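*Asks:* Use these hints to put chain H onto chain B, whose structure you have.
If you want the building blocks of each chain, they are given just below.
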Amino acid sequence: MKTKKQKIIGIILIVFLLMGIGITLTKGLNWSLNYGPTDIIQMSLENDFENQDIKNIVEEVIQDKAIVQKVEIFGTTVLIKAKTITEEQIDSILAKINEKYELEKTRDDIIVGKISNYRGRDIIKPYIVPMSISIGIIAIYIIIRCRKNNIIKLIMEFIGELVITVLIVLSAYAIFRIPVNSLTMPITLIAITTYILLSIRKMESIPEKIK
Amino acid sequence: MKTNKTLKKIVLILIILVVSFISLCGIFIKNTNRYENKIPEYNYGMQFAGSRVIDLQVDLTEEETTIETEENENQEAETTNEEEEQEPETELVPVNSPEILTPDNYKKSKKILEARLKALGVQEYIIRQNSGNGNITIEIPENSQTDDIIGVLNTTGKFEMTDAETGEILLDNSHIKSSQVLYNTETNGTTIYLGISFNKEGKQKLKEISEKYVKTEDEEGNDTTKNVTMRIDEQEIVSTYFGSTIENGEITLPMQEGITDVETMQEYLQSTGNVAAVIDNGNIPIVYTLEDNRYVFAEENNTINLIKIIAIGMGILGTIYFIIAYKKKGILASFLGLGFVSILLLLARYTNIIITMEGIFASFFISIIAYLYLIKLLKELKNKQVEELKPIFYKNLKNTILNLLPLFVIAIVFALQPAALVNSFGMVIFWGIAIFFAYLVWFAKWIFVDLECKGGIKAK
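Quick note, the sequences are listed as chains B and H, same order.
At position 173 of the first sequence the residue is numbered 173 (our numbering), and the sequence of numbers has no breaks.
At position 137 of the second sequence the residue is numbered 137 (our numbering), and the sequence of numbers has no breaks.
Hints were generated in silico from the structure; no laboratory data involved.
All values derive from a computational prediction rather than experimental measurement.
Glycine included, every Cβ here is placed at the ideal spot set by N, Cα and C.
Some hints could be false.
[Said to hold, decoys possible] Calculated lysine to aspartate or glutamate pairs in the DMTMM-like style (CA-CA distance at most 20 Å, straight line):
#, chain 1, residue 1, chain 2, residue 2
1, B, K114, H, D292
2, B, K114, B, E87
3, B, K114, H, E291
4, H, K110, B, D122
5, H, K390, H, E380
6, H, K215, H, E186
7, B, K114, H, E139
[As the list claims (entries may be wrong)] Stretch by stretch, here's where chain B covers chain H in the computed footprint (C-beta under 8 Å, at least three residues):
#, region
8, 124 to 131
9, 418 to 424
Isolated chain B (complex conformation) (with noise of 0.2 Å):
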């Protein structure tokens, strides 16, 4: 029998991962600059330069946050990458850094062009294979441990419970906007990796209970 408290976490879990799914499938996640579609701009600044102070500038430009990083090996050219930048904020962002640098760059010494977004099929595909396998040889090893038990019901629990591990992760994201970055991919396999090593201490304790 269910209490009600567990009633109440339940509820407030099925409204949370409904509100995920349903803010994922109409806005989508929030991708970050790194892996979203960018506008970028590059050129040469012919000296060192910080790259803040180009930041700086270009967010003022364009209201909005933008990565900026050294192109080559002498890291004299500078990456501009912003969502969206229009013609009216290239020339003014140009007009801004050739003063601060006192140069007298125009817009045919520089490069404008797009980079396409890294799409979230291309970011999960690397542990999709080793994730199933591992989840594989430990359901057998629950099979093992709680023979005793009702195996398939465990499983199923098991693996029921995994899905919804992550459904939480990825609501979270859409729902607070957290930008998919970076981290993303991580964060979700510690919380994997964390929930599999709990159910299986929780596992532990049922064949004693039954004993």
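*Replies:* Using the frame of chain B, we list chain H on its own:
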């Protein structure tokens, strides 16, 4: 007896402090005019070390080709006897005809490039494709192989076996099953071969070709041998004839003969491996041009500093908890925990683990498990009689092993994967578990059980 026990604990603490200092600061030894760290550097992944970014754009240019008209053909035949050559009629043809610029071919091109990267053993890469125009951006790590890899990516991978005289295509990529690098060492040196296996249709065709293209002479003894030419991306690899009928559908092409030194052999093994990687994965249906090839520094952000601050913060909090909860034993446990983290970091350097965000998270995870183990052990041993210590320790160890088994499975499976992000996670967990049992459990037993038992006093 008590002095001896205290001395042993102090020695252990000093050893841990030395190891921690080496792990965190390194060993600097003067070499000519500067100091060099004798501890290997961390092998950072693309996110922390920067990457080479190449832009491959669908070639939309046009090239001049001769129009195959009757007039042109006649002209070609006549020019052999005429002194003045007339320019044949030409037309501009797109390098990529509009019919092949389809989403399916864009996807196929990306898939082939990915397969080549895998075949070349690239552990970390990011491929982005503009689904609208097919342009591709690839990010790969910067190292001594990078330029060779870019060379391989930028080739179409078109394999052809043609009649040396007429240019008729006898076999192409559609007939290839697989290819590999082979070598054979004899007295005059090593020969490196490119082995190509053909599929069912190719096998049959190769049999017919090997029967036809053989060494022959006419009645007057003139050489009438029919040769085949093998080309990869229009570049001639070999022009030869067949000595016998090939029935197994396999050929071995000598790529370089008489190699006598290891360095040259490695070089040719690498270049032949690149050729194999190209033809093994089929030819890219669309011609791409290398539009940009640049080294991009890692994004300057405070991630690494933030990670260090979090790690130090967690260490301090853990130490405070240990000291408040377990007094002297808590101090010892804190040093054991510090030693665990230090050894893990040292091993990450020596085992050349690629440091990715996944690896960093794994190191935090396994360190937290180590601290939780110490907390649980101290809690169970608290206020117990000396004769109870060993049974409690072994019961705790048995439970720990059983609880960590799934983590060990994940570590092994992930560590065996070539992809750096996955491998890094697995390797860190694997070495973490190894240090856990080889160092942490062993020393925890020595300090909290063996030394207490020798003292014959009630544990506090």
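*Asks:* Hint by hint, say whether it matches the structure.
*Replies:* Now for the hints, and whether the structure bears them out:
Proposed proximity of K114/B and D292/H is supported: the alpha carbons are some 13 Å apart, at most 20 Å. Distance hint between K114/B and E87/B is fulfilled; the C-alpha atoms sit about 13 Å from each other, no more than 20 Å. At most 20 Å may separate the alpha-carbon atoms for a hinted pair to count; K114/B and E291/H meet this at roughly 13 Å. A hinted pair counts as satisfied when its Cα atoms are at most 20 Å apart, and K110/H with D122/B qualifies at roughly 12 Å.
Between the alpha carbons of K390/H and E380/H the distance comes to roughly 11 Å, so the proposed pair stays at or under 20 Å and holds. With a CA separation close to 26 Å, the supplied pair K215/H and E186/H exceeds the 20 Å bound. For a cut-off of 20 Å, the pair hint linking K114/B to E139/H stands: about 15 Å separates their Cα positions. For the region 124 to 131 of chain H, the proposed coverage by chain B is satisfied: 6 residues have a C-beta within less than 8 Å of a C-beta in that chain, meeting the threshold of three.
Counting residues of the region 418 to 424 of chain H whose beta-carbon sits less than 8 Å from any beta-carbon of chain B gives 3, enough to reach three: the coverage restraint holds.
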